[in-house]
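Q: Which chain is which? The protein sequence lines are A and B, in order.
So the first sequence is numbered by this note's numbering: it starts at 1 and just counts up by one.
So the second sequence is numbered by this note's numbering: it starts at 1 and just counts up by one.
Since the hints were derived computationally from the structure, they do not count as laboratory data.
What you are looking at is a predicted structure, and each value in this text was computed from that prediction instead of being measured.
Certain hints may be false.
What the hints assert, rightly or not - A few chain A residues that face chain B, going by a derived Cβ cut-off under 8 Å, partial list only:
no.: 1; residue: A204
no.: 2; residue: K205
no.: 3; residue: E208
no.: 4; residue: D211
no.: 5; residue: E246
no.: 6; residue: G248
no.: 7; residue: T250
no.: 8; residue: F254
no.: 9; residue: T255
Where a beta carbon is used, it is the ideal one built from N, C-alpha and C, also for glycine.
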Amino acid sequence: MSLNALNMRTDTDPMATANIAAKIRAVGVDVHYHDKQALFQVDLTIPANTVTALIGPSGCGKSTFLRCLNRMNDIIDGCRISGALTLDGRDLYAPDIDVVALRARVGMVFQKPNPFPKSIYENVAFGPHIHGLADDRAALDHIVETSLRRAGLFDEVSDRLHDTATSLSGGQQQRLCIARAIAVEPEVILMDEPCSALDPIATAKVEELIDELRQRYTIVIVTHSMQQAARVSQRTAFFHLGEVVEDGETAQIFTDPRDERTQAYITGRIG
Amino acid sequence: METEHIVKSFDEELQKLDNMVVEMGGLAEAQLADAIAALVRRDVALAARVVEQDRRIDAIEAEIHGFVLRLLATRQPVAVDLRIILASLKISSSLERIGDYAKNIAKRTTTIAKVPAMGGTAQSIARMTGVVQGMIKNVLDAYIGRDVDMAADVRARDEEVDQMHSGLFRELLTYMMEDPRNITPATHLLFTAKNAERIGDHVTGIAEQVHFMVAGELPGDLRRKGDTTSFAVVEAGELRDDG
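In isolation and in its complexed conformation, chain A is listed as follows (with noise of 0.2 Å):
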């Protein structure tokens, strides 16, 4: 056999296909928080349409760089980003962005399902009501029905859309706070730890709901799990340390990382 046939790049990796563009792209990102520096001159590109993964132990920056991309960071005190982030080519720290609007096209999946204490209902018409992307009371349940399908909810919860949303049980409510997302008409989904407070069955159904979101939304995730970044990405980033050590296809780097430092981590050695 052929060690080109190994080669199993060609078909799957999305930054091999040229006409599938950078939804975002980092260039040289610096971040300190007061004197500490969390991130060292990191590049990453992270294509449309495409499930990016970002694993690495703890304090590798991988949560630090997550939040960078909607600015999460900006309400922490004393932290401080540079280098160049940008959205569609757009900067994402130009003086003239628009935060609320930025955290609207870039929406965000925390570790812990945190619906309010609202119904069903309001947790997902809040953001759309608030944006005025619905001009009456039918193009918001319009609105409620369509985000709730996509995170494949809709039939779990129909009949009993304004039941409490606390009553609902952790997967769902995950999927329930995907919904919240989707609401607003985002671009890009970041994902922090999604499944980590979810038993198995729940965790494979927001792995499904994250391939088929891929069709429309570009996703960031950072997950504590190899194995879950190996199964829900396409690409995945290694950081370690505050610097992406390696990026590439996700396959690639399961079979064959080119980093000693990524297969330390990935095989459970000591790097």
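Please arrange chain B on chain A, whose structure you already have, making use of the hints.
A: Here is chain B on its own, set in the frame of chain A:
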């Protein structure tokens, strides 16, 4: 047994693996059929085509190898999924060997066609290979249908192939003792018959993998062997009267 996964793309990948194995098996079966047709008809052009086509089988094997590597790394398969993936990998190796044997038969055909035809041995080999081809077809059906009974049936039929091979072995030794000019074609035909017999063994191995895939263990019973060529001696007195 295999209900759908929550993650649909995993089902699609397993389906793709099935398709690749079956495509490879179909090619191997066709290669064997063509190789034997070329042998019987002394068709050198067809034999050359069989030699050429073998690389298609090799290419699918390489593709399956890469795909399985990827599946193991990205899906972390367990239980029946893991068995299907491992069995498919081993089956692809067997099919690749079957393709090689078909190619070997075709290579010898180019030589055999250069010397005068010798009795009806090529037809005897074709009859034996007919059984082997049926086994390939059925073992692929057993693979797709996850059918342990059909796999067991395929394994049982290898005994018949072994017996036919033993008969051919004696027949060819007899030809050689009758007339030394037969030694060249008979030796090539001997290897050809051996190739077909080895294909039967590989099909049997595939049937065992199908059993493993479905039942979680290799079949426990010992298969009866009909091949007695290791002990065959032909004495001068056994030569035919007209010899």
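Q: None of the hints should be skipped; say for each whether it holds.
A: These are the hints, each one checked on the structure:
For the restraint placing A204 (chain A) at the interface with chain B, the shortest Cβ-Cβ distance is roughly 4 Å, inside the 8 Å limit, so the hint holds. For K205 (chain A), the suggested interface contact is upheld, since its CB lies about 6 Å from the closest CB of chain B, less than 8 Å. At its closest, the beta carbon of E208 (chain A) sits 5 Å from a beta carbon of chain B; the interface hint therefore holds under the 8 Å criterion. For the restraint placing D211 (chain A) at the interface with chain B, the shortest Cβ-Cβ distance is roughly 5 Å, inside the 8 Å limit, so the hint holds.
Interface restraint check for E246 (chain A): the shortest CB-CB distance to chain B comes to about 15 Å, outside 8 Å, so the restraint is violated. Proximity of G248 (chain A) to chain B is violated relative to the hint, the smallest CB-CB distance being about 13 Å (cut-off 8 Å). Hint status for T250 (chain A) relative to chain B: holds, with the closest Cβ pair at about 6 Å, below 8 Å. Using the Cβ-Cβ criterion of 8 Å, the hint placing F254 (chain A) at the interface with chain B is satisfied: the shortest such distance is roughly 4 Å.
Evaluation of the T255 (chain A) hint against chain B yields a held restraint, the C-beta minimum of about 5 Å falling below 8 Å.
Of the numbered hints stated above, those contradicted by the structure are hints 5 and 6, listed in ascending order.
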